[in-house]
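Starting from the known structure of chain A, fit chain B onto it as the hints suggest.
Residue numbers (the working numbering), protein chains in the order written: chain A, 1 to 325; chain B, 1 to 377.
These are computed hints drawn from the structure, not numbers from a lab. Hints are supplied without guarantee of correctness; some may be wrong.
[Stated by the list, open to error] One-sided excerpt, in silico: chain A residues whose CB lies under 7 Å from chain B: (1) T46; (2) I50; (3) V57; (4) T67; (5) T126; (6) T152; (7) V194; (8) R275; (9) G319.
[What the hints assert, rightly or not] Far from chain A, some chain B residues (derived; all Cβ distances over 12 Å): (10) T113; (11) T138; (12) I147; (13) P159; (14) P282; (15) S285.
[To be verified] Calculated cross-link-like contacts (lysine-lysine; reagent style DSS-like; alpha-carbon spacing at most 27 Å): (16) B:K272 - A:K36; (17) B:K274 - B:K176; (18) B:K73 - A:K140; (19) B:K180 - A:K36; (20) A:K312 - B:K176.
Ideal Cβ placement from N, Cα and C applies to all residues, glycine included.
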Amino acid sequence: MAKTYNNFQGQVLNQNITLSIKEAGKTVETIKKAEKVTKVISTIITYAFIVALALLVIFPFYWMIITSLKSLDEITGMSTGGRQTYFPEIVMWSNYVYVFQKFDFSTYMVNTVVVAIFSTIGTLLTTVFAAFAFSRLRFKGRETVFAILLMTMMIPGEMMVLSNYITVASFGWIESDSQTLLQAYACMIVPFWVSVFYIYLLRQNFKQIPNELYLAAKVDGKSDWNYLWKVMVPLAAPTLISISILKFMGTWNSYMWPQLVCKNEAYQLISNGLRGSSFTNADTGITEYGYRMAATVLVTVPLFLLFVFFRKYIMRGVGRAGIKG
Amino acid sequence: MLLEKIKNLLNSKKSAPNGQSEAAVSLFDTGIPDIPQGYDQEKDVVVRLVGKKPTKSYRVSGIDDVASKNNWKAWLYLAPVVILVSIFLLYPLINTIYIAFAKEYSYIKGYGTGLTLDNFGVVLGLKEYVNASGQRATETNFVNFAIPNTVVIAFVTVPLSIFLALIIAVALNSIKWFQKFLQTVFFLPYVTNGIAIGMVFAVIFDKQGIINNLFHTNIAWIQNAEHWTAMVPLCIYIVWNSIPFKILILLSGLQGVDKQYYQAAQIDSASKGKVLLRITVPLLSPQILYLMITGFIGAFKEYNSIISIFGAPSTAGSGGASTEKNLLTVVYYVYDILEHDSQTMIQYAAAGAVLLFAAILIFTLIQSKVSKSRVYY
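Here chain B stands alone, though its shape is the one from the complex:
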């Protein structure tokens, strides 16, 4: 016993901080076992001495944080995210799907009387519905305009913008002077307010505007335009707006390409077009695939550009007598109902949203399949 006490005294002396007298240490001494401070690799614990009173001067800490498999503190850190995600992400997802399938859904009560596919039928124009004024009507906007517009926007703007972005990125990558400056210029469309620039496009494509002036035409592009004519400024605007991001991604891809491929092509004296098609494009295929998928998903969700250029989902403008909403897209259809008929027609908006979700889900699944099975080099 005595021997141990002396040993402990010696140990506590060793660990006593500078300036603390031996007497003070021995006063509080109750026997501190010899535990080296620091990280103990064998036991996978961190040991340190804490507190001013030597009686409480050792504590093994860090076990909870480093080694434990179930750390309740982690859930404290996660709590805000878990709560917010449940309320604003997971619950809405389930709720939207429920509303889309709900029979006789009531906005005020928040539930329906059963499950049905009727809402989809109404949206797709297969079934009649009772509109706000109590009359029976058929929904034609979704099939006639929302789907074709969305599909056209997706299949025109995505390939076009990827193609343009690709040649701009290749050209930017091959130049020496002003490369950074030009790169910044091409990035500018990204840092703009979409609404503001859409309104500029409306001025450019005005009937008296610069485009008609340059080409000596007199086409109504915006106001009272033909349905498909109005798609021209719209698609140009979307391409203009989506190019910066694509250039950025492709350029960073290009900068990672091994120069040896190009030297090998030079030895074979391959033409520039051939180099582009046979070397650059295959090497960039992961980036191009990524841009295609994100581009299609983005195009499926297009609506902002229509609001910014036309101000309403119709070429007749919001003040027009025509109820034909010929510029609707799928997402715009959903928003249009929410803005104007959320009390009576929300279940149809939900059905439209579920259809969009299904389309996007299919695209995402294709992406994960393709990127796993096909690497082009």
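Just chain A, same shape as in the assembly:
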């Protein structure tokens, strides 16, 4: 059924094909065929392109893992004639054994988890209360207070660090010779109990809950307090889970503030431990990259597990929040 361009009218709908002036003189079949070929080629190119970029993106992870299993000679190219190998010639599990012995993983881990849990609980409580007040209760100055809070979002956190440092110092929490673990924890937890962005996020979520539910709860004799915990919090659970995970990730990654306020290395968090640990050979002065990479693998794996289990919440939370921690 080869038909020329001149009488293609009427074919368009049946063949489900779009023709344009450029294609004048061609038959429907050749156009179809050409389109199919272009489609296959462009699909292949797209996949090749995207897979290549994906490989580039995961390359650092791959390199981290294989380097953590190499001997120092292989990493520096000494045993391979200056050539880098893409898979360890001798798999050195002993790197991990060494790191577990040398790197005080458990101390940093405990510090990080304690700080993460308490700062998350505090943040969730203040966020829930504030979001409830802003979304459901009426009071004088509600819009003003909310506007002031939103404006503080523009201020870079780095600006406050300096003054917060003076503040916690005036509380006597960072005396370099007498700081206790509890004071160090307080420094790392209390200033981060409020997140204006999470309040904003949860308020939007609370506002979507229909007012009829509130009135129904009132008729049933529920107080505001009961209504908040029995109705609103369960309904907003996904947002709260997102907030908790992002907060946890933030603590896991925080570096500068703990570095500033912890006067004892044993009080610091996992990132500080990782950066501060010098896996340097005392005799030769060469950094033992194998040990170092084994330590980075140990720090990265928990985050990956978190991501595997809570992918949905993390990606949705990030999509809306757009901030780390």
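Relative to the frame of chain A, chain B by itself:
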């Protein structure tokens, strides 16, 4: 009177819960007016009967919560936030600005002797200051390194990462198989410990590392690197780290685009590049604008990547004899003072922080102006 009492008795009988005897009701009866339970739309109140004793068996509640314009309970709910925000957000803001302008600020006393612009002058290298060992010195790090580094990082990484994120997002959006899987792969850099991966980049760009090996070069990228050479691994790392978020935002933008635009372009047999430039980019302009502004603000605050790759604000490392801190950024400058010279130089850190704040404020204002006046479609 009698008639009313009978009426009340009947009413209370109606509202008496099941199982409660008539006698019990009449025993406590003191006359309950006929108030229907539930939400009264006219008066905008919720009415309910509470309590076991019929004497107290009605109370109008809910007025406070629903209709009142001034609910003191709300302030109870807000108290933790108001207190914490005042101590850790508003007070620091004012205090930092004050310290930046304070004359002869004393860290121990917590105040200065007046107001001045000298601190900014010192930070910008226009004025001499007395350093910790009592000598007069000129601050050169901020002008020579912190500002240029920050500007270079911002103007290299932000456009580059947005461009890459855009083509990856468009490609991801056009494929059918493994879309979710690949999307997850591209998100991976987001869920990492910044310090850990920075150290991996240091290994990759090591002098004996894989990059020099692949390209048969022998360049010092990290240790003892030239100032601008060290910017290469740094910018690559920042781009790598910032792409996932941008892809996520652009992809969700793309999924909201009406397919009709593309069908119309197909009828006009527009080329793929043209479709990308003339349809996709303009339709995504709100997202791109948002990413540009947040990207610039983020790049102005860059310091974590330098710590993670180099371990110190200098290519010579922390153990180097050189005091030239050639990898400082604006924020790193502030932190560096806090970590090492908080007693004597905190006012200069404050001045640096105020300059950063001003830059970010200008960018935010531009954003709100642009997003209001220019919508691209």
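These are the hints, each one checked on the structure:
no., hint, verdict
1, T46, "holds (5 Å)"
2, I50, "holds (5 Å)"
3, V57, "holds (6 Å)"
4, T67, "holds (6 Å)"
5, T126, "holds (5 Å)"
6, T152, "holds (5 Å)"
7, V194, "holds (4 Å)"
8, R275, "holds (5 Å)"
9, G319, "holds (5 Å)"
10, T113, "holds (18 Å)"
11, T138, "holds (22 Å)"
12, I147, "holds (15 Å)"
13, P159, "holds (17 Å)"
14, P282, "holds (22 Å)"
15, S285, "holds (17 Å)"
16, B:K272 - A:K36, "holds (16 Å)"
17, B:K274 - B:K176, "holds (22 Å)"
18, B:K73 - A:K140, "holds (12 Å)"
19, B:K180 - A:K36, "holds (25 Å)"
20, A:K312 - B:K176, "holds (20 Å)"
Comparing the model with each earlier hint shows no violations; every hint is respected.
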